Amino acid sequence: MKPPLHIAAGAMGLAVRLARLSLRALHLGLLRVASLLVPGSRRAEWWREWHAELWQVRRACAYTGEFCWASEGEIAGFCMGAFQDAFCLWRLGRQSREPQAMPSRSMFMGSAWQCLLFLGVLLGASYAIALLLPGVRAERSLSQCLVRPGLVLIEDADNEDSPRTISSGQYRAWKDRKQEFFDGFAFYRVTQESVDRETAQEGSHGSAGWGVARASSNFFSLLGLPVRFRETDASVDADMPSVILSESLWKREFGANPHVAGSVVRVGLRRATITGVAPQGPWQLPGKVDAWLLEPDSQMVPGGEGYVVAHLTASGKSRMRTARIPIKSFSPNRSPDDLLGIALGNGTPGPWDVFRFAVFLAFLALPAVTSVSLGESSVSLHEISWPRRICRWGFLGVKIALLLPIAHFVSLDLGYGCTALNTNQVVYIELVSTFFICLFGMRWVLSDQRRRCPVCLRRVDHPARVGQLSRTFLAWNGIELMCMGGHSLLHVPSLPTSWFSTPRWLFLDPSWKFLFAGSARE
Amino acid sequence: MAPDRNSEAKLSHTAAMILQAIDAGFVYGFSIMEMTGLPSGTVYPAMRRLERDDLIRSQWERQSIADDEQRPPRKYYKLTAAGRATLQSSRKRYPLLERLIPIEEARSL
Chain Y
1 MKPPLHIAAG
11 AMGLAVRLAR
21 LSLRALHLGL
31 LRVASLLVPG
41 SRRAEWWREW
51 HAELWQVRRA
61 CAYTGEFCWA
71 SEGEIAGFCM
81 GAFQDAFCLW
91 RLGRQSREPQ
101 AMPSRSMFMG
111 SAWQCLLFLG
121 VLLGASYAIA
131 LLLPGVRAER
141 SLSQCLVRPG
151 LVLIEDADNE
161 DSPRTISSGQ
171 YRAWKDRKQE
181 FFDGFAFYRV
191 TQESVDRETA
201 QEGSHGSAGW
211 GVARASSNFF
221 SLLGLPVRFR
231 ETDASVDADM
241 PSVILSESLW
251 KREFGANPHV
261 AGSVVRVGLR
271 RATITGVAPQ
281 GPWQLPGKVD
291 AWLLEPDSQM
301 VPGGEGYVVA
311 HLTASGKSRM
321 RTARIPIKSF
331 SPNRSPDDLL
341 GIALGNGTPG
351 PWDVFRFAVF
361 LAFLALPAVT
371 SVSLGESSVS
381 LHEISWPRRI
391 CRWGFLGVKI
401 ALLLPIAHFV
411 SLDLGYGCTA
421 LNTNQVVYIE
431 LVSTFFICLF
441 GMRWVLSDQR
451 RRCPVCLRRV
461 DHPARVGQLS
471 RTFLAWNGIE
481 LMCMGGHSLL
491 HVPSLPTSWF
501 STPRWLFLDP
511 SWKFLFAGSA
521 RE
Chain Z
1 MAPDRNSEAK
11 LSHTAAMILQ
21 AIDAGFVYGF
31 SIMEMTGLPS
41 GTVYPAMRRL
51 ERDDLIRSQW
61 ERQSIADDEQ
71 RPPRKYYKLT
81 AAGRATLQSS
91 RKRYPLLERL
101 IPIEEARSL
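Chains as they are written, first to last, in the numbering used here: chain Y, 1 to 522; chain Z, 1 to 109.
Treat the hints with care, as some may be off.
As the list claims (entries may be wrong) - List of simulated lysine to aspartate or glutamate pairs, EDC-like, C-alpha gap at most 20 Å: (1) Y:175 to Y:297; (2) Y:317 to Y:353; (3) Z:75 to Y:353; (4) Z:75 to Z:53; (5) Z:78 to Y:45; (6) Z:78 to Z:34.
Simulated from the structure, these hints should not be mistaken for lab results. Fair warning: this is a prediction, and the values are worked out from it, not measured in the lab.
Using the sequences plus the hints, can you model the full thing?
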């Protein structure tokens with residue numbers, strides 16, 4: 001059954017109206033997209049003109065009032081032309097901007113800022129790479145766990161059998177007496193203890209055997225080791241001894257719980273509060289320790305044998321020339337004891353030690369690869385104001401200050417870039433790379449400084465050959481370089497002679513200004 | 001920017017046609033398109049360049065006039081003195097220009 005005629009005509013009319021609306025939206029959308037190409041300052045006017053013109057086109061194409069695909073195609077074709085117009089305006093805008101952009105770009109090239117930006121980018125890149133390398137991260141975390149310098153472990157030299165322990169009585173006697181070479185002592189002894197964990201909610205957990213170091217309360221402060229999650233809450237019972245967990249035990253037994261501080265454990269027969277976690281560093285003290293039970297000297301078990309760590313005074317450090325030194329002492333009963341002091345600290349040099357040594361070597365070797373003079377004698381300093389001179393030296397200082405961390409981080413990148421290398425190989429690579437980067441980096445820094453205009457610090461450029469080599473002894477020959485700011489000319493002799501051996505600066509007076517129109521002449 | 005002498009001699013036929021159309025009184029974009037038969041992608045960019053070279057100048061129609069005629073205001077173009085001089089030299093170069101868009105006929109329209 002066919003639909004009535006008037007219904008079919010109404011549906012058709014609705015479809016036409018919808019198609020016309022959607023095509024209008026499409027045309028306007030085309031114009032909007034094209035307008036994005038037009039420079040912002042001209043976009044509003046451009047849109048207004050094309051909108052008005054579209055109205056004219058639409059009226060001309062649809063004057064019959066009937067929908068016609070050909071007319072709509074013509075309107076769409078007209079709108080497509082907007083893209084060519086917009087692109088033309090974009091190109092014209094770019095052409096009009098270029099004359100202003102060119103001088104600023106040429107002003108930047110060769111300037112002091114360009115040099116500093118280059119070094120800054122290099123530094124940032126090398127630092128970012130160093131942050132990504134797991135070896136560098138591990139080295140950093142270890143360096144934070146090093147014991148403070150000037151610590152010695154005191155052992156009994158007479159006792160050949162291991163362990164060479166010291167009695168707690170002797171420790172107390174040393175501590176109570178005024179010492180010339182030591183300003184602090186700490187004592188610890190390692191025992192296997194049965195430890196019960198208990199909480200307020202769950203009561204007592206099962207017991208476990210820990211290697212517990214019963215240490216004097218000043219143990220960690222003397223070693224200078226940072227303790228994580230240190231409990232400072234006043235509610236902690238002051239009479240209760242505190243326990244510091246080793247990092248491995250904290251992870252194994254407590255699941256690396258950051259809220260472990262404040263928990264109560266029973267060590268043997270005594271209750272103690274966990275007050276922190278010791279970092280996992282290059283632990284060099286004897287004994288396998290899971291936790292440290294810090295107790296005051298008054299509560300220490302008399303007669304126990306343990307280890308003594310002492311901190312040297314300045315005079316003690318001056319005596320400690322080797323890693324091991326014999327110490328003569330007297331026991332409480334006045335009998336002489338032969339003891340041995342073993343320096344504590346990292347056996348292998350750290351990155352910072354390697355870096356300092358390599359920089360020192362590089363500065364020593366620098367005169368062998370370049371002249372350390374900046375050619376100041378050839379600069380008539382009366383031409384340069386004091387602020388400019390300070391800027392010049394400041395620029396040199398900043399370049400060196402940027403070069404040194406670049407050398408440090410690049411050497412770390414090279415050393416730790418290959419994970420298959422052992423520690424000694426890494427140290428060797430760091431040493432060699434830091435040395436060469438500093439040596440040739442400083443050579444570049446100095447030669448760059450010598451080629452910079454003393455007034456504006458811009459690199460002199462446009463080398464021009466002047467004179468003839470055959471007339472060296474009658475007239476000078478060499479290369480002339482020009483400061484693009486119009487401040488100076490640099491004469492570099494081809495063959496140094498007794499009267500012209502080093503490069504010379506010639507300062508240009510204002511009469512030269514017309515040659516440098518549009519330049520940065522001040 | 002002032003036009004240089006070379007630009008007068010090197011004016012393209014399209015640009016010369018547009019100048020001729022404007023001189024004949026077809027003073028907004030669509031009317032120039034209709035008169036010359038050139039597509040919008042040619043006419044409008046050419047007019048931008050002619051305006052950049054100070055051969056033509058544009059001016060918006062007053063809003064009141066547009067409102068009276070119930071349409072959006074038009075952007076009208078007219079020749080500058082330099083544009084008129086350039087058109088004169090172009091007519092010598094393209095002798096058929098005046099026959100393509102005769103001024104008298106256009107004014108009668």
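Going down the list of hints, with the structure as the test:
1. Y:175 to Y:297: Judged against 20 Å, a Cα distance of about 10 Å means the pair holds.
2. Y:317 to Y:353: Since the Cα atoms of residue 317 of chain Y and residue 353 of chain Y sit roughly 19 Å apart, the hinted pair holds (cutoff 20 Å).
3. Z:75 to Y:353: It is violated: about 76 Å lies between the C-alpha atoms, which goes past 20 Å.
4. Z:75 to Z:53: 18 Å, holds
5. Z:78 to Y:45: 18 Å, holds
6. Z:78 to Z:34: Status holds; Cα separation ~17 Å.
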